[in-house]
Amino acid sequence: MANEDNNNLKSDRFGNGSVDRRTFLGAASAGAVATTLAGCLGGGGSDGLAIGHLAPMSNPLGIGSKRTVDMAVEELNEDGGFNGEEAEVITKDTRTDPSEAQNVTEELIQQEDVDLLIGTFNSETTQSILDLTAEFDVPFMITGSADPGLITEYAGSDYEQYKNVFRIGPINSDFQAESIADYCAHLNDRHGWNRVAFLRDQADWTEPFGDQIPDLLSERDLEVVYQDALSIEGTDFGPVMSDVNESNADFVLRFFAHIDGGDMLTRWHEGQYEFGIEGVHVPGMLPSYNGPSAYNGAATYETTSQSGAAGVAPITDRTQPFVDDYASRYQDADSAPIRAPMYMGFNTYDGVHVFKEVVDSLETTNTRDNLDDFVGEMLDVDFTGVAGQVSFYGEDSDYPHDVREERGEDGTITNYPMTQWVGPEEIECVYPDQHRTADHQMPPWMQ
Amino acid sequence: MLGDIATLVLQGTMISAVYALIAIGFTMIFGVGGTLNLAHGALIMSGAYVFGVLAQSTHPVVAFPVTIGVVALFSWGLYQILVRWVEENVVITFLATVIVAVAATEVILIQFGSSPLGMTLVSGAVNLEPYGINARPRTVQFLGFVISWIAIGLLWYYITKTDDGRSILAASMSERGAQLTGVDLHSVRSKTWLIAGALAGAAGIILGSTGGATPLMWLNPLALAFMIVVIGGIGSIKGSVVAAYVIGFLEQFTVTFVGHGFRGILSLVVLVIFLLFMPQGLYGREFAHD
Numbered sequence: 001m002a003n004e005d006n007n008n009l010k011s012d013r014f015g016n017g018s019v020d021r022r023t024f025l026g027a028a029s030a031g032a033v034a035t036t037l038a039g040c041l042g043g044g045g046s047d048g049l050a051i052g053h054l055a056p057m058s059n060p061l062g063i064g065s066k067r068t069v070d071m072a073v074e075e076l077n078e079d080g081g082f083n084g085e086e087a088e089v090i091t092k093d094t095r096t097d098p099s100e101a102q103n104v105t106e107e108l109i110q111q112e113d114v115d116l117l118i119g120t121f122n123s124e125t126t127q128s129i130l131d132l133t134a135e136f137d138v139p140f141m142i143t144g145s146a147d148p149g150l151i152t153e154y155a156g157s158d159y160e161q162y163k164n165v166f167r168i169g170p171i172n173s174d175f176q177a178e179s180i181a182d183y184c185a186h187l188n189d190r191h192g193w194n195r196v197a198f199l200r201d202q203a204d205w206t207e208p209f210g211d212q213i214p215d216l217l218s219e220r221d222l223e224v225v226y227q228d229a230l231s232i233e234g235t236d237f238g239p240v241m242s243d244v245n246e247s248n249a250d251f252v253l254r255f256f257a258h259i260d261g262g263d264m265l266t267r268w269h270e271g272q273y274e275f276g277i278e279g280v281h282v283p284g285m286l287p288s289y290n291g292p293s294a295y296n297g298a299a300t301y302e303t304t305s306q307s308g309a310a311g312v313a314p315i316t317d318r319t320q321p322f323v324d325d326y327a328s329r330y331q332d333a334d335s336a337p338i339r340a341p342m343y344m345g346f347n348t349y350d351g352v353h354v355f356k357e358v359v360d361s362l363e364t365t366n367t368r369d370n371l372d373d374f375v376g377e378m379l380d381v382d383f384t385g386v387a388g389q390v391s392f393y394g395e396d397s398d399y400p401h402d403v404r405e406e407r408g409e410d411g412t413i414t415n416y417p418m419t420q421w422v423g424p425e426e427i428e429c430v431y432p433d434q435h436r437t438a439d440h441q442m443p444p445w446m447q
Numbered sequence: 001m002l003g004d005i006a007t008l009v010l011q012g013t014m015i016s017a018v019y020a021l022i023a024i025g026f027t028m029i030f031g032v033g034g035t036l037n038l039a040h041g042a043l044i045m046s047g048a049y050v051f052g053v054l055a056q057s058t059h060p061v062v063a064f065p066v067t068i069g070v071v072a073l074f075s076w077g078l079y080q081i082l083v084r085w086v087e088e089n090v091v092i093t094f095l096a097t098v099i100v101a102v103a104a105t106e107v108i109l110i111q112f113g114s115s116p117l118g119m120t121l122v123s124g125a126v127n128l129e130p131y132g133i134n135a136r137p138r139t140v141q142f143l144g145f146v147i148s149w150i151a152i153g154l155l156w157y158y159i160t161k162t163d164d165g166r167s168i169l170a171a172s173m174s175e176r177g178a179q180l181t182g183v184d185l186h187s188v189r190s191k192t193w194l195i196a197g198a199l200a201g202a203a204g205i206i207l208g209s210t211g212g213a214t215p216l217m218w219l220n221p222l223a224l225a226f227m228i229v230v231i232g233g234i235g236s237i238k239g240s241v242v243a244a245y246v247i248g249f250l251e252q253f254t255v256t257f258v259g260h261g262f263r264g265i266l267s268l269v270v271l272v273i274f275l276l277f278m279p280q281g282l283y284g285r286e287f288a289h290d
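Chains as they are written, first to last, in the working numbering: chain A, 1 to 447; chain B, 1 to 290.
Calculated directly from the structure, the hints in this document are not laboratory data.
Don't take each hint at face value.
Unchecked claim - Pairwise CB distance ranges, derived in the manner of DEER restraints:
{"#": "1", "chain 1": "A", "residue 1": "Q227", "chain 2": "B", "residue 2": "Q80", "range": "29 to 39 Å"}
{"#": "2", "chain 1": "A", "residue 1": "Q111", "chain 2": "B", "residue 2": "V98", "range": "30 to 40 Å"}
{"#": "3", "chain 1": "A", "residue 1": "Q227", "chain 2": "B", "residue 2": "E129", "range": "18 to 28 Å"}
{"#": "4", "chain 1": "B", "residue 1": "V86", "chain 2": "A", "residue 2": "E160", "range": "56 to 66 Å"}
{"#": "5", "chain 1": "B", "residue 1": "V86", "chain 2": "A", "residue 2": "Q110", "range": "39 to 49 Å"}
{"#": "6", "chain 1": "A", "residue 1": "G423", "chain 2": "B", "residue 2": "V86", "range": "46 to 56 Å"}
{"#": "7", "chain 1": "B", "residue 1": "F257", "chain 2": "A", "residue 2": "E75", "range": "51 to 61 Å"}
{"#": "8", "chain 1": "B", "residue 1": "E106", "chain 2": "A", "residue 2": "W445", "range": "39 to 49 Å"}
{"#": "9", "chain 1": "A", "residue 1": "D204", "chain 2": "B", "residue 2": "E106", "range": "55 to 65 Å"}
Even glycine gets a Cβ: it sits at the ideal position worked out from N, Cα and C.
Please put together the full structure from these sequences, using the hints given.
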């Protein structure tokens, strides 16, 4: 996961690369027109339905996502197929590298002639292929990146150009910030925790949190007593813990995806610091993270929010059967994640099911030549998935084609559940009320 | 204020000890053979993984020396199998060791995946708040400090007090002079790689036990080793120890007074100043090159 550390640098390269790509695209699209014409002449569609899956395959998030796309396609092929056709999945490794992602996406679009692209994890990688998918009218379902800019700066500013892009999940960072602020208010109700130390990766994805969290917390009568962005190139947590401790915070609210918080968690347990550790911790979502081969209990009592709640809560009727099926297939696999996929897998699985619904209604799997109809059908989707209800914002909203947040009766967001490690291999869902399997626990040394 | 300074000194001392351990092997190899071993970080990483795997089945007291031995052998093997055949050509050595480092990453990815491998050398922490120091350092950090200074002490004794060690010092001062006095250069270089490997192994164990092992964990230590060696003076062990403490304290100073996101900035500024105005480093004249 440390691999992502270079993303900022590489996103610069993307800036330069996109100029070259436009030149390339001019030539390539002429080729594509010729291919399409040839396809018409030759009868077309004979190649069958192909789904291109994009993910970093050395990352457990990507491995989980690949397994779920395979599961979904296998199930649906057996169950009548996609408008009667059997689909084939082609997975390509993006390596969390924008230029690699562009190469493999071109291959999927031009050589494999895919009818759907699904996946992509870090936002910089996703962003690097949006132009390419738009140019060739390939429906693209994002299942791992939460940056609101992937929607607002693309479909939000040039709808016609980028209408092929949908986000299945997770909810975007703007909604995540709101949901997490509500969670902090819940912690205050439960434990009287109202002093917050706010830490984040010094990276693009945490910018929306940096902008919004302090105000959102102060609206909820919580006080930010310490805040800092930590270098993703290597952080010594000794001084960080000292600073947080000195601020007398009741809990740390941290947003880590590039930084592995293992060092922080070990210091927390061994030093018995009197504050909670809450927020988002992507490495900590790995089902084996707190087990004997990794941090061996050091993560116990930390929380992280994640789509699908790690499969521990019956979010919908489909969640538990899906996780059981995943575990039975992969419990003896060599590579993690084995008990449940990580959040991206939940979203990818739902994406394939949504795709089936749409092509069934569309009565064709030739999505690229019928993009407007495909988009129309997508906007009518209201699908009960394994990570929650899936429906999309329309053209005129702030976030066109972004997955809608779900809200409970009190107006708080419910489809961004929070999980807590309660043992080396045990996780509970502690928020929101609708999905809770156990109450949030304070570490015993704080009681 | 006094408490802040005490905290800064404590944390600076702890991290600097590890930095010294990281840099000394790199310095020695450069001093003796003129070789920039870019696989040094990979050797540190192998120390973390070897210890991580061994510690799952054996007691850390056993796993610790075994790991150091294994990494020393890796390092020695790297010299015998690859580096000795290309060391006369700086550029090829440079490229060959980079390739080893990248290949090591791939091997780790295939074998262990990208998720961190955790390990415990020793558990526990000490709360120093009753003594006015706002820190709860982990026992493993104290141990890292102790190991670092034992290693430095042993190395100093070996290099200055034994004939064997003095031949290493002689070779690093002047290869021609050393040869004229009967020093077997090949054997000196082999020994240097063996010692550098052992130090890298120890550094890997400490790094793995504090932050876990990951396939790209070699990058930061390698960058640190570079900076330390430039500031300390290329080839000087004393310079590396001093520079490790300079860098460690600068980082600590920056995070205490500026912010955690600026951790490495001040050290980079110092590095640039050294490159521009004092390229020989703090102790660069300790060795005469021929």
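Structure-based check of all given hints:
no. : hint                        : in the structure
1   : A:Q227 x B:Q80: 29 to 39 Å  : violated (52 Å)
2   : A:Q111 x B:V98: 30 to 40 Å  : holds (32 Å)
3   : A:Q227 x B:E129: 18 to 28 Å : holds (23 Å)
4   : B:V86 x A:E160: 56 to 66 Å  : holds (57 Å)
5   : B:V86 x A:Q110: 39 to 49 Å  : holds (42 Å)
6   : A:G423 x B:V86: 46 to 56 Å  : holds (52 Å)
7   : B:F257 x A:E75: 51 to 61 Å  : holds (58 Å)
8   : B:E106 x A:W445: 39 to 49 Å : holds (42 Å)
9   : A:D204 x B:E106: 55 to 65 Å : violated (27 Å)
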